[in-house]
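Chemist: Residue strings, one per chain:
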Amino acid sequence: MNALVLASAGNALVWIVWVVAALSLLGSGVAVVSFSNPFFSALALIGNLGSLAIMYMLLTAEFVAAAQVLVYAGAVMVMFLFVIAYVGPRREEPWSGGPSWQTVGAVVAAGALLVEIVVAVGLQAGHALGGSGTVGASFGTPAWIGRVFLTDHLLAFEITSIVLLVAAVGGVILGSHTRRVDPGMISPGTAQQREPEAEVVR
Amino acid sequence: MSSTAMTAGSWLCLVSPLAGTIVILLAGTRIPRVAAGWISTSSVVVAFAGAVWAFFGVHSQSGHRGEITTAWTWLASGSFHPGLQLLVDPLSIVMMLIVSGVGSLIVLYSIGYMHGDDEERRYFAYMSFFVFSMLMLVEGGNLLLLLVGWGLVGLSSYLLIGFWHERPSAVQAAKKAFVMNAFGDAVFALALFILIAHSGSVAFSTSFATVTHLSPATADFVALGLLGGAVAKSAQIPLQTWLPDAMEGPTPVSALIHAATMVTAGVYLIARTHPIFEQARTIELLAAGTGALTLVVAGLIALVQTDIKRVIAYSTMSQIGYMFLGVGVGAYSQGMFHLLTHAFFKALLFMAAGLVIHAVANEQDIRKLRGVGRLMPITKWCFLAGALALVGIPPFSGFFSKDSIVAAAAALGTWYGWIFWACGVAGALLTGLYTFRLWFLVFPGEPSAFVREHFHRSGPIGEGALTMLVPVGVLAVLATGGGWLQWAPKWHPFTDWLASAAPTLAIAEPSSTQEYFTSAATVIAGVVGIAIAWAVYSERRIAIPHAPFLRRTLEHKFWFDELYAAIFYKPAELVAAGLRREFEEPVVLQTGTDLGETTLAAGGLMRRIQTGLLRTYVLFLAGGAAAVVLAFLIAR
Amino acid sequence: MLGPGVAWYIALAGFLFGIGVLGVLVRRNPLIVLLSLELMLNSANLALIAFARHFHNGAGQVFALAVMAVAASEVCVGLGLVVALNRKRLSLDVDRLSELRG
Chain U
27 MNALVLASAG NALVWIVWVV AALSLLGSGV AVVSFSNPFF SALALIGNLG
77 SLAIMYMLLT AEFVAAAQVL VYAGAVMVMF LFVIAYVGPR REEPWSGGPS
127 WQTVGAVVAA GALLVEIVVA VGLQAGHALG GSGTVGASFG TPAWIGRVFL
177 TDHLLAFEIT SIVLLVAAVG GVILGSHTRR VDPGMISPGT AQQREPEAEV
227 VR
Chain P
4 MSSTAMTAGS WLCLVSPLAG TIVILLAGTR IPRVAAGWIS TSSVVVAFAG
54 AVWAFFGVHS QSGHRGEITT AWTWLASGSF HPGLQLLVDP LSIVMMLIVS
104 GVGSLIVLYS IGYMHGDDEE RRYFAYMSFF VFSMLMLVEG GNLLLLLVGW
154 GLVGLSSYLL IGFWHERPSA VQAAKKAFVM NAFGDAVFAL ALFILIAHSG
204 SVAFSTSFAT VTHLSPATAD FVALGLLGGA VAKSAQIPLQ TWLPDAMEGP
254 TPVSALIHAA TMVTAGVYLI ARTHPIFEQA RTIELLAAGT GALTLVVAGL
304 IALVQTDIKR VIAYSTMSQI GYMFLGVGVG AYSQGMFHLL THAFFKALLF
354 MAAGLVIHAV ANEQDIRKLR GVGRLMPITK WCFLAGALAL VGIPPFSGFF
404 SKDSIVAAAA ALGTWYGWIF WACGVAGALL TGLYTFRLWF LVFPGEPSAF
454 VREHFHRSGP IGEGALTMLV PVGVLAVLAT GGGWLQWAPK WHPFTDWLAS
504 AAPTLAIAEP SSTQEYFTSA ATVIAGVVGI AIAWAVYSER RIAIPHAPFL
554 RRTLEHKFWF DELYAAIFYK PAELVAAGLR REFEEPVVLQ TGTDLGETTL
604 AAGGLMRRIQ TGLLRTYVLF LAGGAAAVVL AFLIAR
Chain E
35 MLGPGVAWYI ALAGFLFGIG VLGVLVRRNP LIVLLSLELM LNSANLALIA
85 FARHFHNGAG QVFALAVMAV AASEVCVGLG LVVALNRKRL SLDVDRLSEL
135 RG
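Protein chains in written order, with this note's numbering: chain U, 27 to 228; chain P, 4 to 639; chain E, 35 to 136.
If you're looking for bench data, these hints aren't it; they were derived computationally from the structure.
Ideal Cβ positions, reconstructed from N, Cα and C, are used throughout, including at glycine.
It cannot be assumed that every hint is accurate.
Stated by the list, open to error - Here are a few chain U residues that sit away from chain P, every Cβ distance over 12 Å (derived from the structure): (1) 50; (2) 134; (3) 145.
As the list claims (entries may be wrong) - Label pairs and their calculated CB-CB ranges: (4) 636(P) - 39(E): 18 to 28 Å; (5) 631(P) - 34(U): 35 to 45 Å; (6) 188(U) - 631(P): 23 to 33 Å; (7) 137(U) - 123(E): 31 to 41 Å; (8) 101(U) - 39(E): 45 to 55 Å; (9) 63(U) - 611(P): 32 to 42 Å.
Construct the entire structure; sequences and hints are all you get.
Modeler: Spelled out as structure tokens, the structure:
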């Protein structure tokens, strides 16, 4: 009796947490796409990521939740904010520009995808996604993730690391300063004839 | 022991020139030009040594049967697996000795002749390659390798005729030679296919053994095809027109390919495949008739040629006509013997002519060269030796070989035998006439103004480099004395040597009386020819008969070129022009344009949706994804 | 399992994905486009983890981590592009960057 009460109380509590998190998730998501200032959009995304981390906790994915907060909300978003600060504030009206059919098409396509997902989940797969039992205590813990990563999914792990490395190199190249003409490489005469920046920029 | 010598000698003989070619090709410009010449020469000399080695191997073997050595199985297809095999027997030994022996002298001569040419290395690579091809032809141990060698000599002949590729006439001549030879190769290959289809084997022995079971028509077809190949390669009527044009190549090439070796391949072929021809006696006599006709016609045409090399080229055709006559009537060893002596004296004539041409600024017109003998005494006497050998005056070599052939024709005893005999004797008269026309026009007398102006001395005695004079001297000795190897009525080691490979038919075995009678007739005819030449061209006691039509006919070489142009070239040109107008331009070319334009138009349509706007692309992407998901949902 | 079933999470992920798509399609500022892309990726991650929970299969979580790494790469390159655009004084408007026009 007592346990049952506790269980139903816990269930209600989880429901409450879920609803709050879900509302926060959707609200911050809408905020991301509708703020005209990217700075606020980025802040909204941080909230979005935090809500997601809560969702992950509810799904017993503690390690992923931690990584989400550390990697995403921490490192990646800091990078975002830095770039936004570097670029400077640029405002843009969200629902303007481009051909008129673009916006209509966007809404139709996004709506169609949403409806399709909901239909697929709710009507056709819903019964298969009913309540399921508990999982082992180790499910989602860092130790377990680490073991799975380095045994069953070693190849994926390595490929991911290579992708990261390539992206890092690409980021460095893209962000590095425009290559200047090395005066030692060509004769002084041609160097002077060149228009210093425009040629290289083009 | 003898077996080892045969095998090793024959392979050495075959591989050495090929190795020479490869070395010259790979060395490229890293070696000096003259080194290429010496590499080529020594490779052919090594081949000659291999041939001699193989000769002694066969000689020490009882019965001189020879043997076939197989390196490896070359192709394997079901029960059909021809090997890369060489045949060493008396017949191929003779050819190997001629090809590598005379060949080495000619390649040596080339060192002097080609000195200073821009592309000496290429020339010598080709020369070695030709010798390799020719040896492949004569040593090939089965029908397939015979065909391989046959094709390779055609190729190397093409390359060498067109060696001076900056001259349009040389390129034309090379193409002409190649096309006419390709025709011969095609019928030759067809004949081999028929033969292989019936015998199921490419081996000489097996396929020859099955010939006796062939129906007469099939045997005739096979022999006719082989004869077609032989006629094309040996420049006999009606496929003779390429040979005079082939004189566009360097003179040593003419000496090697178009006098001593390749053009005689047809004779070798008939001798090699004589069991087939004996089953198709009509075709064999057709070969003899072709030879008889060619020797007379070529002799007539040679009378009016003004280019020194073309005169000799027609005389080559005429002499090969003798050889065809010989092997055609069944006197294989006599034909082969004439091939041997002809290689000596004809190479000699070409090379002596080459000395003259070399000394007078590459002038080949005999009307301008009068009196050049005064300035070049050694060349003059060497040429005279070759000329006398060619006419067949005893004791020069042509006498011994040519007369036997004519006598063998007489030995047939039938009406066509006597026609062949008459042709042979008439040919001797013509030979004397055109040879000494050339001689009297070029060598004796006071040097003409042209010669005095253009003659330039070179080499140690003023007639050419030593590398050119030595081969000419050696060949002069051979042309003079080489015939003593065999005098049919008295001694005949050459015929005995070939007895195991190509025995002379009994019906073509002349009696001694016929031999003496024929010898007398041909020698008299030759002397008469020389006398007429002397009277007409040297002393001018007899005016050249005025017969404009005859003269024009001869100058146009009996209108063979014009005839072929009318029969083959013009219709082909018309058909090609028609096809171009009616098919190629409206259909083939237009199709490409249409395709391009359609693609362009379609591209123009598609370009409309390429807005360059990233968001539009993403919209299409999202729309596509939605459509795919929808499709999955519906399909479920 | 306490709280809502997996289907709820999936539906939530679907909504989040739709919002992200809408953001990518209507916004012109490349920074916000990138942020919207993050939304889409995260919705996929949510679905992955929900399915991992449902099927008791660790592969889903592992894959979510891989997606996170790829997202980080994508942000790295995307921000690099934004910085490069900015340095070249080009407009930060994806509609103006139409070099690909046919």
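Chemist: Taking 32 to 42 Å as the stated bounds, is the beta-carbon spacing between residue 63(U) and residue 611(P) within them?
Modeler: 36 Å, holds
Chemist: At the C-beta level, are residue 631(P) and residue 34(U) separated by a distance inside 35 to 45 Å?
Modeler: 43 Å, holds
Chemist: Mind checking the hinted window 23 to 33 Å against the Cβ distance between residue 188(U) and residue 631(P)?
Modeler: 29 Å, holds
Chemist: Can we trust that residue 145(U) is non-interface, i.e. its beta-carbon lies farther than 12 Å from all of chain P?
Modeler: Residue 145(U) not clear of chain P: closest Cβ-Cβ about 6 Å, inside 12 Å.
Chemist: Holds or violated: the 45 to 55 Å window for the beta-carbon distance between residue 101(U) and residue 39(E)?
Modeler: Since the Cβ atoms of residue 101(U) and residue 39(E) sit about 33 Å apart, the hinted range of 45 to 55 Å is violated.
Chemist: Is 31 to 41 Å respected by the C-beta to C-beta distance linking residue 137(U) and residue 123(E)?
Modeler: 38 Å, holds
Chemist: Can you tell me whether the CB distance of residue 636(P) to residue 39(E) sits inside 18 to 28 Å?
Modeler: Cβ of residue 636(P) to Cβ of residue 39(E): about 21 Å, so the range 18 to 28 Å holds.
Chemist: Using Cβ atoms and 12 Å as the threshold, tell me whether residue 50(U) really stays out of contact range of chain P.
Modeler: 26 Å, holds
Chemist: For residue 134(U), which was marked as not at the interface, is the minimum beta-carbon distance to chain P over 12 Å?
Modeler: 8 Å, violated
Of the hints listed earlier, those the structure fails to meet are numbers 2, 3 and 8, in rising order.
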